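Q: Sequence:
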Amino acid sequence: MATQPNYRGALTHYLCHPESFTYKLPDNMDTMEGALVEPAAVGMHAAMLADVKPGKKIVILGAGCIGLMTLQACKCLGATNIAVVDVLEKRLAMAERLGATTVINGAKEDTVARCQQFTDDMGADIVFETAGSAVTTQQAPYLVMRGGKIMIVGTVAGDSAINFLKINREVSIQTVFRYANRYPVTIDAISSGRFDVKSMVTHIYDYKDVQRAFEESVNNKRDIIKGVIKVCD
Numbered sequence: 001m002a003t004q005p006n007y008r009g010a011l012t013h014y015l016c017h018p019e020s021f022t023y024k025l026p027d028n029m030d031t032m033e034g035a036l037v038e039p040a041a042v043g044m045h046a047a048m049l050a051d052v053k054p055g056k057k058i059v060i061l062g063a064g065c066i067g068l069m070t071l072q073a074c075k076c077l078g079a080t081n082i083a084v085v086d087v088l089e090k091r092l093a094m095a096e097r098l099g100a101t102t103v104i105n106g107a108k109e110d111t112v113a114r115c116q117q118f119t120d121d122m123g124a125d126i127v128f129e130t131a132g133s134a135v136t137t138q139q140a141p142y143l144v145m146r147g148g149k150i151m152i153v154g155t156v157a158g159d160s161a162i163n164f165l166k167i168n169r170e171v172s173i174q175t176v177f178r179y180a181n182r183y184p185v186t187i188d189a190i191s192s193g194r195f196d197v198k199s200m201v202t203h204i205y206d207y208k209d210v211q212r213a214f215e216e217s218v219n220n221k222r223d224i225i226k227g228v229i230k231v232c233d
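With the first letter of the sequence shown counted as 1, position 87 gets the number 87 in full-length UniProt numbering; the numbers rise by one all the way through.
Be aware that a few hints might be false.
[Said to hold, decoys possible] In silico DSSO-like links for lysine-lysine, alpha-carbon gap of 30 Å or less:
{"#": "1", "residue 1": "Lys-208", "residue 2": "Lys-53"}
{"#": "2", "residue 1": "Lys-53", "residue 2": "Lys-230"}
{"#": "3", "residue 1": "Lys-53", "residue 2": "Lys-90"}
{"#": "4", "residue 1": "Lys-24", "residue 2": "Lys-208"}
{"#": "5", "residue 1": "Lys-221", "residue 2": "Lys-90"}
{"#": "6", "residue 1": "Lys-24", "residue 2": "Lys-166"}
{"#": "7", "residue 1": "Lys-90", "residue 2": "Lys-198"}
{"#": "8", "residue 1": "Lys-198", "residue 2": "Lys-166"}
{"#": "9", "residue 1": "Lys-208", "residue 2": "Lys-90"}
{"#": "10", "residue 1": "Lys-56", "residue 2": "Lys-24"}
Since the hints were made in silico from the structure, they are not lab data. Since this is a predicted model, take the numbers as computed values, not measurements.
Starting from the given sequences, assemble the full structure and let the hints guide the process.
A: So, in structure tokens, the structure goes:
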């Protein structure tokens, strides 16, 4: 995928893949849901690494695809107090539809003040940074409680400064890399109806429009939450 010649990519109708790395979809899951297992598994891996449980107060920074997948994964694990922060109203509306307790527009509101209000001035048990932004990465220590966890799910390009005085309260910082072995539990959550991946699909492209799909996904983030490419009928 976007590699130099002599390397087989994945933008093709058919792909030879090791059998040990494949999972059979249940009969009640369609191929669109199957295509979304990968990003859903990223959210599930993050939530399981964070040991999300009922009663935990959670803040998710970023309501893009991965942020919304993390929101649903947290709900699957029993969390009911979840605040989601973003700067785009369309994404916040989607987060609300998917079960966020509180949504915060970081471009219009004081994120730290609103999160303190949400957590009764205690700070969140767990903060997920899913935007891959230096701004939200730097913001996370101001939102977490003493002894809480910051989960770095997004990837910031380059260096990012963090106020260590804010995490010098036995705060744990955990990075999240892909999804480990979370495909089976994620497939089960989707097939059982506990994890709604289809709602996040805002744009569907034909295979012949692959180039446009990638360009719009990069340049039209205000409207596109998740785009999928239809390979065949």
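Q: Each hint should be assessed against the structure and marked as holding or not.
A: Structure-based check of each hint:
no., hint, result
1, Lys-208 / Lys-53, "violated (44 Å)"
2, Lys-53 / Lys-230, "violated (36 Å)"
3, Lys-53 / Lys-90, "holds (28 Å)"
4, Lys-24 / Lys-208, "holds (27 Å)"
5, Lys-221 / Lys-90, "holds (10 Å)"
6, Lys-24 / Lys-166, "violated (45 Å)"
7, Lys-90 / Lys-198, "holds (16 Å)"
8, Lys-198 / Lys-166, "violated (38 Å)"
9, Lys-208 / Lys-90, "holds (28 Å)"
10, Lys-56 / Lys-24, "violated (33 Å)"
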